[in-house]
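Asks: Sequence:
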Amino acid sequence: MLDGRDELVLDDLMRDGSGHGGAVAVTVADVRTLRAVQLKGHALRLEPATPVDVERAARFCDEFITDVSTNDGTPRALLERLVPGRYVACVVAVDGLFDQTPGPRAGVPLPVDGS
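For the record, in the sequence shown the residue sitting at position 73 is 313 according to this note's numbering, with numbers rising by one throughout.
No wet-lab data here; the hints were simulated from the structure.
Values in this document were obtained by computation on a predicted structure and should not be read as measured data.
Positions of the beta carbon are idealized from the N, C-alpha and C atoms, including for glycine.
Treat the hints with care, as some may be off.
Pairwise CB distance ranges (calculated) [said to hold, decoys possible]:
| id | residue 1 | residue 2 | range |
| --- | --- | --- | --- |
| 1 | 336 | 270 | 32 to 38 Å |
| 2 | 321 | 262 | 14 to 20 Å |
| 3 | 315 | 347 | 31 to 37 Å |
| 4 | 311 | 335 | 30 to 36 Å |
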């Protein structure tokens with residue numbers, strides 16, 4: 241899971257100029273299984289995205305587009321319009337994780353340290 245200092249790669253347009261301190265909530269889901277997890281925490285700082293961040297984001301976008309296109313039949317070219325052109329990295333202190341998979345366990349806290 242997360243180690244409390246994982247980086248989220250954000251679209252450069254999301255920068256508000258403050259650079260740190262704001263509350264962060266991010267929900268991630270597997271398109272194929274609908275398994276979803278939400279993290280809540282606070283931003284420590286924004287940093288320029290590294291080449292590793294950009295490569296990770298490109299890989300994620302490609303896998304996401306493949307899954308959506310396969311599951312829903314949406315043309316890749318249409319989905320590729322969602323891919324940002326630039327990124328920044330937001331270093332987040334994770335305060336909590338929550339199961340957001342549809343069903344009776346949605347909202348149940350998960351261990352932050354992966355145990």
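Asks: A range of 32 to 38 Å was offered for this pair. Does it hold for the Cβ distance of residue 336 and residue 270?
Replies: Taking Cβ atoms as reference, residue 336 and residue 270 lie about 20 Å apart, which means the hint is violated.
Asks: Evaluate the given range 30 to 36 Å for the C-beta pair formed by residue 311 and residue 335.
Replies: The hint (30 to 36 Å, Cβ to Cβ) holds, given that residue 311 and residue 335 are roughly 32 Å apart.
Asks: Indicate whether the distance between the beta carbons of residue 315 and residue 347 respects the range 31 to 37 Å.
Replies: 35 Å, holds
Asks: Are residue 321 and residue 262 spaced within 14 to 20 Å by their CB atoms?
Replies: 28 Å, violated
The structure fails hints 1, 2 (numbered hints given earlier, in ascending order).
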